[in-house]
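Student: Here is what each chain is made of, one letter per residue.
2 protein chains.
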Amino acid sequence: MSSGADAAHMPPDSETKTPERLRRLAGRLLSGVAAQSDRLTNDGLARIDARKWHYAVLASLQEFGPGSQATLSRRTGIYRSDMVGVLNELAERGFVERALDPDDRRRNVITITAQGRRQLRRLDQILDDLQDELLAPLSPAERDQFVRLLTRLLDHHSQQAPRPPAPGS
Amino acid sequence: MSSGADAAHMPPDSETKTPERLRRLAGRLLSGVAAQSDRLTNDGLARIDARKWHYAVLASLQEFGPGSQATLSRRTGIYRSDMVGVLNELAERGFVERALDPDDRRRNVITITAQGRRQLRRLDQILDDLQDELLAPLSPAERDQFVRLLTRLLDHHSQQAPRPPAPGS
DNA sequence: AATCCTTCGTTCGTGGAGCTAACGTTCTTA
DNA sequence: TAAGAACGTTAGCTCCACGAACGAAGGATT
Chain A
1 MSSGADAAHM PPDSETKTPE RLRRLAGRLL SGVAAQSDRL TNDGLARIDA
51 RKWHYAVLAS LQEFGPGSQA TLSRRTGIYR SDMVGVLNEL AERGFVERAL
101 DPDDRRRNVI TITAQGRRQL RRLDQILDDL QDELLAPLSP AERDQFVRLL
151 TRLLDHHSQQ APRPPAPGS
Chain B
1001 MSSGADAAHM PPDSETKTPE RLRRLAGRLL SGVAAQSDRL TNDGLARIDA
1051 RKWHYAVLAS LQEFGPGSQA TLSRRTGIYR SDMVGVLNEL AERGFVERAL
1101 DPDDRRRNVI TITAQGRRQL RRLDQILDDL QDELLAPLSP AERDQFVRLL
1151 TRLLDHHSQQ APRPPAPGS
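Sequence order for the protein chains is A and B. Under our numbering, think of the first position of the first sequence as 1, with each following residue one higher. Under our numbering, think of the first position of the second sequence as 1001, with each following residue one higher.
Be a bit skeptical, because a hint or two may be false.
[Claimed, not checked] Label pairs and their computed distance ranges (CB to CB):
#, chain 1, residue 1, chain 2, residue 2, range
1, B, ASP1144, A, THR151, 35 to 41 Å
2, B, ASP1155, A, GLN159, 27 to 33 Å
3, A, SER158, B, ASP1129, 18 to 24 Å
4, A, TYR79, B, ALA1099, 42 to 48 Å
5, A, GLN159, B, ASP1104, 22 to 28 Å
6, A, GLU97, B, ARG1122, 52 to 58 Å
7, A, GLU20, B, ARG1098, 22 to 28 Å
Derived from the structure by calculation, the hints contain no laboratory data. All residues carry an ideal CB built from backbone N, CA and C; glycine is no exception.
Produce the complete structure using the sequences and hints provided.
Tutor: So, in structure tokens, the structure goes:
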């Protein structure tokens, strides 16, 4: 066989192919790959009843220690409004504990539990595998540079963006 | 001054910094950059009352000629259900024309108009500029490789993914 | 002390995007 | 001619990034 499938009932290229103009657009490529990546991680994590937000919060707690919800919000990029739900899920599963801050009674101090740490280790493992799957077609060196390029782009664009109102206003 | 801002009222790193674990995750970087890119293009296009889907459809028409809505759907990746609205918008603006296909009365044949071609040229220009802005921190060679890496990833993952039910089932 | 501004946790809601389900119409095929 | 598929369309779902607003609490200024 010259190729896997019978060409008889194959639609012509103009029916299925993506226009060149679109294939060139970095933005489009980016969304596409990001979508695939999201699917991968969501599906992978769903298998153990977890979401990527869980990982973000647990990792943040592990690395920087306990913090208020607002703090976690800033560290993870999750919106204050959405953090509530995430922490509810984590608390239900026994991975974090919510306690009132005696020094500032507006705050909840969030602490990671022993179970939370175990779960974090599990998540680390899973995400590692998923990362491998995502970057499968790239060589180690390419993966490295890919991540570096992405990092530079992200840093560049998240700097000047949403500047809080200048102090001289 | 040693650095731009007064350190007096600066929160400690543990309040704002993103955990290392998260900064490594390709998936997270990807979503982040993709989000920035989306914002850029959406904002840029909104200034002339356009959306990215418009570009996808117009480019597809220009490159492959007229086609049914289902065909356009396949070429652009836009869902059949959503294509309706996009075409309504394009038709309102006079960029495409919808005509019944006399050979197959289920189909609408979509054709790009002269105005549509003009608009496409405008969009090409704008998207070029936006691309430049998005990839600003990268050298030409880096941009090239970035796009190549993305393309490989996308091609790899869109191959085996949503296989239509195998003919031998 | 009283006032004003800010932060915090929370609830509710919005808009976009991807995706599925279903329906009536029309074409194809067996 | 009967069954199945493709088409355009409407409706609805879920997820996500955001924003508005509120009561509670804290901090700073008068």
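Student: Are the hints correct? Go through all of them and say.
Tutor: Here's how the hints hold up against the structure:
no. : hint                             : in the structure
1   : ASP1144/B / THR151/A: 35 to 41 Å : violated (18 Å)
2   : ASP1155/B / GLN159/A: 27 to 33 Å : holds (32 Å)
3   : SER158/A / ASP1129/B: 18 to 24 Å : holds (21 Å)
4   : TYR79/A / ALA1099/B: 42 to 48 Å  : holds (46 Å)
5   : GLN159/A / ASP1104/B: 22 to 28 Å : violated (54 Å)
6   : GLU97/A / ARG1122/B: 52 to 58 Å  : holds (56 Å)
7   : GLU20/A / ARG1098/B: 22 to 28 Å  : holds (25 Å)
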